[in-house]
Structures are given as structure tokens and as C-alpha cells.
Amino acid sequence: MTQLTTPTPTARPAAAPSAGSRAAAVGRKLRTRLLHIVPVLLLVTFGSMLLVDLTPGDPAATILGESATPDQVAALRQQLGLDRPLFVRYGEWIAHIAQGDFGRSIRSQQPVLDAILERLPVTIELAILAQIMAFLVVIPLALYTAYRAGGRADRLANVVTSGLVSMPPFLTALLLVFVFALSLRAFPATGWVRIADDPLGNLRSAFLPALALALTELAVLTRVLRSDLIATLQEDFILSAKAKGLPTWYVLLRHALRPSSFSLVTLAGLSLGRLIGGAVIVETLFALPGIGQLLVNSILAKDAVVVQGVVVFVAIVYVALNVLTDVFYTILDPRTRVTGA
Amino acid sequence: MKNSTTPTTTAPVPAVVEGPAPPPPAETAAPPVARAKRSRTILVKLAIGWLAVVVLLAVFADLLPIPGYDVRIGRPAMGPSWDLASLLGTDGLGRSTLSRLIYGARVSLAVGVVSVLIGMVIGGVLGLLAGYLRGGFEKVVTILTDSLLAYPPLVLLLAITSTLGSSLRSLVISLGLLCVPTFTRLARANTLAFAQREFVTASRALGGRPLRIIFREILPNVVLPVASYAFVMAAVVIVAEGSLSFLGLGIPPPSPSWGGMISAAKDRLATQPHLVFIPAAAMFLTIFALNVVGDRARTRFDVRESAL
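Just so you know, the sequences run in chain order A and G.
Going by this note's numbering, the first residue of the first sequence is number 1, and it counts up by one from there.
Going by this note's numbering, the first residue of the second sequence is number 1001, and it counts up by one from there.
Isolated chain G, as found in the complex:
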């Protein structure tokens, strides 16, 4: 999360205050070297591959020949061995690290996908309406999003968690809320760019009602550039969920989550570091892959820079 917990260059800076923003950092990339370009596409392919593996494992976790995530299969904190159940060893309670990792991916991905979708739908609609209707509605929306951005992200999450208690439901609600302002701003900025175009004027001249224009004319143009931020936001959300779990305020046990596994193993960092570093590596690779794919998606679909 931007912020404190949003360690991505890509997350928009949570400026509370609207107005003349600092000039965007000029996209002056290194001179186009063919080799660098090729290695970048390889990186994108690797990232897509990793994400596909994680998604498939998470979706088909029940069909895999692995023990349940809450079944003890041996001594606590065993090292890796050549056997599928204990391929990555066991955790502090003797449960299979591999199955907990796979079922944990399920939680991380579900939370990521659902909260980003919530944020995208609510934020997208608010941004569309604000960008097209302007006036008082736009002011109200701006004040609402700025108020949400006025909390450091992790503090907002903690505040909501302290109120609703830590459960999957409150986690998804608070993480979704965290995504709303970003998507509102994106949708509004894109709508502003398209609202001036000829086809919108034509539709208005033909007597199209505002709602029809917004959803039939503008929405199809705005949806792709806005949705291209979904990958990056998913990375932000997964970091946030991990941070909450790490503080012991995420998904309650025994359900596994990557942050929770790291948190449970952090006292064994000195003696059995692999208990921390295996889920940490899974988390890092997934966030890295999401950022790589997200960067590519944004440069491909976000036309704002050329349109404005």
C-alpha cells in the first residue's frame, strides 16, 4: 500500500491535494538497445509464466496430491526432502510447507482479485460520473477520495481491521476501499480526456442521455487503460494483505496465507531461516511478476500521456 505499504514506482503518489501536480518524471528510457528490449520481453514472458503457475496451483489445489494445509505430516521444521508432501519441508507445527504455500496462494490471490475488482468497479463508476458530470458531484467525489488518501494506507487498513475485526470479509472490504481512490482518479482523468472528443459531442447532439453517453460511449474507451492498472494494484493489495498478516491481524489461523506463514516463522529466523524465506520468495516473485506484467500492460493500454 502507496504509499507506506505501496512500494511500487507505479502506484500513483497519494497526493492529498489536487492541483498543479509536479511534472511527471520524463519517460526518458535508456537508448533503445535491441538486446535490452529482447531481455525485457523474456522477463515479461517469465512473469506471465510464474503468475499462470501460481494461479493454476491455487485454483486446482484440491486436486493436487498434497496433504491438507492443517494436517501434520511429520516433525516440526523439517528441511526439504525428495517427497512431494515435504518437498519444501514442514512448518513449526509439522505441517507441509508446500501445501500451506499453495493454499496460501489461494487466499492471497482471492483477496487480491476480489478487492481490486471491488475497487475498480466502485472507483471506476465514481470516476466516470465525476469526470463527465463535473460540477458539484465532482467536488464531492474529489473530497471523498482525498479523505481516503489522507490516511497512510497501512494505518487505514489497521483502523478498519480494528473496527471490523480480522476476518476474510473485513479484509476484502478494507483492501477494496484502499483501491477505490486510485481507480477513481484514473477513471476521472481518462474520462476527462474522452469527454472532449467528437464522438461524445456527436452523441450528445443526437440527444443521448448522460448515462447512455457515459456507459455506451465513454466506458468502452476508459475501461482498458483503467483496467491496465489492475495488475499493479493487485501487487499493492498483496503487499498490504501480507503486512496485515505479518502484524497478526490478517486472516485468522489455521487458514494459511503467505504473510501469516512468514509471521509465524519469524521467531525461527535464526535457526530455520528457510521457514521464512520460502514463503517470502513466493511472495516476492508474485509481486515482482505482477509489477512486470502491470508495467507492460500500462505502457500498452494507457493512452493518457499521448491523449492529453
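Next comes chain A alone, as it looks inside the complex:
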């Protein structure tokens, strides 16, 4: 029944729906992507390794402080391997990364991967919450404004979204703090409650930061879904669904939404990666113990090894998410499968 009510739009010729061709297409896509992604990853990791090398001053001298003798510095340099050629060190470093060894913090001696994994859940929770919030607003708003395109609500939404697009994330966050935390006192302005300690308190402490992230995503997503929906609503199958006398909400939700959501899914996949970057601002402002805060604190503490570890970790995750989105897109949209290499 559910399959019957979501017909393929006429503009999109259905590809052979056999499972075999789909798997083959996905495999082919994955292979070409991986071929391209390997040099990108090599460059990205190499660039990240240079972060420590290009830092002015000698890392060994920075670690030991100003009272160190030249002999001590030289000994530590040898211990850290800083006296060997760049490419040799890159090979070793990348081999260590592949085994999950991101080095140790210069300050606390904590393994970098431990520090990252300790804070990762906070950032991921924020990103997922923000995405859910964004979708809760985007889908009804886009459906309504597309259905009544050019109407009063549509024009109002257009003004609001173009305003939101011009709001830097840190301004959105500050505005939310001012309204909801300082004026209404509905939510805490800073701090993080762990989900294991108090699930409800956890949600309360995550609400404002997630909303700040969601608001910056929301404008772009609404515009994309709205314009795709407007195109879909002009298709013949929508007319026929209306002619059958189906209620408007049913036509919008069951017939129009799915064929219009391809760009939305792609953008959402990409924005998960962006949210990780955006979390830097929000985590710093709300004092949340996530990856972004780790990055900023390590920069302020001049802990180059942790900075390097976080940067390379985030970059790898970002690339992986992009590839996954791309492949997922092949599964969703048959058209991208037809045009083989």
C-alpha cells in the first residue's frame, strides 16, 4: 500500500529496480570515489602533520619550557623523532594513525585519541539534536510555503530565512542565550549535564546549543526543499492525486515529499559534517565538553599535538561522511546510476 501511493514522477524514468544492478552501481560508485579519495586523504593528513612542523619555534623547546638546557632539548627532539626527515616521519605518523595512535598531549600526556573519544559523544549528540530540530521545522514549513508559494506566509518565511542566512552562528547563539537563558531563564546559559546522570537535565543543557546550530542549518534546508517541492507539485501525478479527491495533506505528505527530498538528504548528510565544525563556536560559548572545545582549548594552550590530532580526526570523518552521502544518494536516486562512467 505504501509503495502504491508514492509513484515515481514522470520526469524520472525508473531504472531497472533489480537488486543486482543497484548493488553493482553502488559498488562502482564506491570504487571511483575511493580512487579519488585516497590522494585527498593523503594530502589532508600530510597537511595536518605539517601543523606541528610549521609552528614557529621548536616543539621540544615549547614542551620543556624556558628553563631547559640545549642538551635536554636535543634529547627530547631525538625522542620525539624531530631530527629525522619529514617523509620518514610522515610514514610512521600515518601508520600510527591507522592503528588509532594519534600521539600524546604535550601538556597532560593523555593519548589524543582518548581525549577525542571522551568528548565525541557530546558533539555527536549536539549534531543529531540539531539535525532533528531543523527537520521538525523544515518539513512542515517547506510543505506549507511550497503549497502556498507567493502567499503571505511564503513571503514572510522568505524574509526570515534570508535573515537567518546572514546570521553568523555565534550571533544566533548569543541571541538565544539572551532571550532564553538570561531574560526568560528557561534554560541554563552554560554547562553540560551528562546523559547518564540526568537524561532530562541533559536535554535541557543541550537544547539551546542544538537550537543555535539548527537555526543556521534551517534556512538553507528550507529553501532547498521548498524549491524542489514547487517543482514536484507541478507534475501530472500530483494533479491526478488531487483529482482523485485525496485530501491536501495526504497529497503533500505521501505523494510530493519523497520525490522532492533528494537534495535535502544530500545537504543534510553534508551538513552533519558542517555541524561538527559549527560545534566549535557553540561548545566554546556554552562551555560544553565536546571536540570543538578541545580544539580551541588546545590552540590556546599551544598543545600542537592535540590540535593536529583533532584536525586530522575531523577531516577524516568529514571526508568519510561526504563519500557516504554520495553513495547513499546513488541508492536513493536511480538517475545517478544510469550514467555509468
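I should point out that these hints are in silico values taken from the structure, not numbers from a laboratory.
Even glycine gets a Cβ: it sits at the ideal position worked out from N, Cα and C.
Fair warning: there could be bad hints in the mix.
Just so you have them, the derived chain A footprint on chain G, three or more residues with Cβ under 8 Å [said to hold, decoys possible]:
#1 1158–1172
#2 1234–1242
#3 1259–1272
Between beta-carbon pairs, the in silico distance windows are [what the hints assert, rightly or not]:
#4 G/I1048 to A/G163: 16 to 22 Å
#5 A/Q234 to G/I1048: 33 to 39 Å
#6 G/G1049 to A/R152: 23 to 29 Å
#7 A/L246 to G/R1197: 45 to 51 Å
#8 A/R31 to G/R1197: 30 to 36 Å
#9 G/L1056 to A/V265: 41 to 47 Å
The hints should help you fit chain G onto chain A, whose structure is shown.
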């Protein structure tokens, strides 16, 4: 910046992976209502007006009868009053908010203009060469731009800042680098469209060398559509600079910048919110104006949609 810090619909989505991109959102605008169109042109004029005011104030800041940005003129955190120096009140150290705002505009605009220019020149040349020469060079350029896009923008900025330290120079370098991939892609896409045209074939048949064809035949056609993205990129760069300053990693004090003013005042949000909201409003209006003008410039000059 796209990305995390690029809150613009207009910034190209930083897809790391090239290939069949998702279909571009159909430009199905609302039915052309005359009134809506007129109000849009008014908006564009207002935006140009605001940008002109900001640019003029920033350029002629030294000639204006305002106190220096690091001079204390009164008590800290005074409210606005009818006197030019304290028209917008004073900041947490008793310095004139108005002068800091105007001198801060200088920093924001200088950083925006210079880094966008750097990104446009480097990215434009790379994109032109990649789009015309194709082959191995194009592959190398694609991998380079994809590698730059593989970092979330703010993370890339922070990484470079942590390496070079926070100074005006490192800020301009890192923000310029941030603009390069966008302009490379734009220039390459536009070059691809023009490289197939008859006048290029004619020039090649007449024995024109590749460099001559690229810079004399293709460049003049590509420069306008690519440059029309400069406004939007300037908005992205100003947001990025503000974000860095907000994290305390931007231009070092006492030089004022809008992000730095917001950052310095954020602890007084509960007691003196105007200290945050005045620079915030200036920043928002400038970014909004840049986006409005940029949208108009792009629909006017970007012929890619009709050409491809």
C-alpha cells in the same frame, strides 16, 4: 565559512567528491508579482546604501571627529547619549563604541576585501588553467581543492591560526586560502563552458598559444561571472573573521574588530546587552547587505545556467 561558518544559501556546498552532483534546486521563484519585484529592488538599493556608508566611514575614519579607538572617554559601559563620541555609549574599558565600530569596520572590510582578492586571483588562475588544459593538471587541481574542502572551514582556519599565530597576516592568508577552492571551481566550470565556443576554436585555428587563448579569449568572459561571487564570499569571510575573533583568536587587541567587540562584551550580556548588540547589528546588516547585493550580482552576471 560553508560551510560550519558559511551560513549562506549561496555558498557552494563543499562537496568533497566530484561527480554527478545532486540536481540543483530548481529556481522556481514565487509567481512574478510586481510589488514583490519592486520591494526587492528597494532592498538592493538599501543594501548598496548601507555598504557605501560602511565603506566611506571605514576609509575616512581618520578624518572623522571621533576619538581614537583606544582612548578612554568616560566611565565603562555608558549608555548611548547625544554626543558624537558617546553616541553609542562606551565599551567595558570606557572607550567610544562608535569609534571602535568604525575602526573595526576598517579591519573587517580590509580582511574581507584582501582575502577575497587573494582567493579570486589564485583560485581563478588555477581554475582557468584546469578548465582549459584538462588532463593531469586538472586532476591535480581537483585533488588540491578537494583536500582544502575536506576540512570544515572553521577547523581549517583554526588549524592555520594555531600554526601561524593570530596576526593580521596569518588571518588574511588563512581566509584567502579558504576562498581559493570556491573560486577555483567557479572559474573551472565557467572555463569549461567557454572552451567549447567557436571564438576559442577560431583562435586556436589561427595558431594562438594556450596561454594567449586562456588570458585573452577566455579570461574576459569568465571574469565577470566569477567576480560576481565576490560579494557573497566577502560575507563568508567576514563571518569567519568574526568567528575567529569571537573565539579570541582573531586580530590581537587593542585593534578593534566587530567579532572582538562582541567577544569582549559577551560576559556583560546580562547587564549591558547593548555592548553586544550594537556591533552585532553592524555585522548582521553588513553580511545581509553583502548577501543581497551578491544575489543580485550573481543572477545578473552568472550565465552558467543558461550556457550549460
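So, going through the hints one by one against the coordinates:
no.: 1; hint: 1158–1172; result: holds (count 7)
no.: 2; hint: 1234–1242; result: holds (count 3)
no.: 3; hint: 1259–1272; result: holds (count 5)
no.: 4; hint: G/I1048 to A/G163: 16 to 22 Å; result: holds, 18 Å
no.: 5; hint: A/Q234 to G/I1048: 33 to 39 Å; result: holds, 35 Å
no.: 6; hint: G/G1049 to A/R152: 23 to 29 Å; result: holds, 27 Å
no.: 7; hint: A/L246 to G/R1197: 45 to 51 Å; result: holds, 49 Å
no.: 8; hint: A/R31 to G/R1197: 30 to 36 Å; result: holds, 35 Å
no.: 9; hint: G/L1056 to A/V265: 41 to 47 Å; result: holds, 46 Å
Against the hints set out earlier in the document, no violation occurs for any number.
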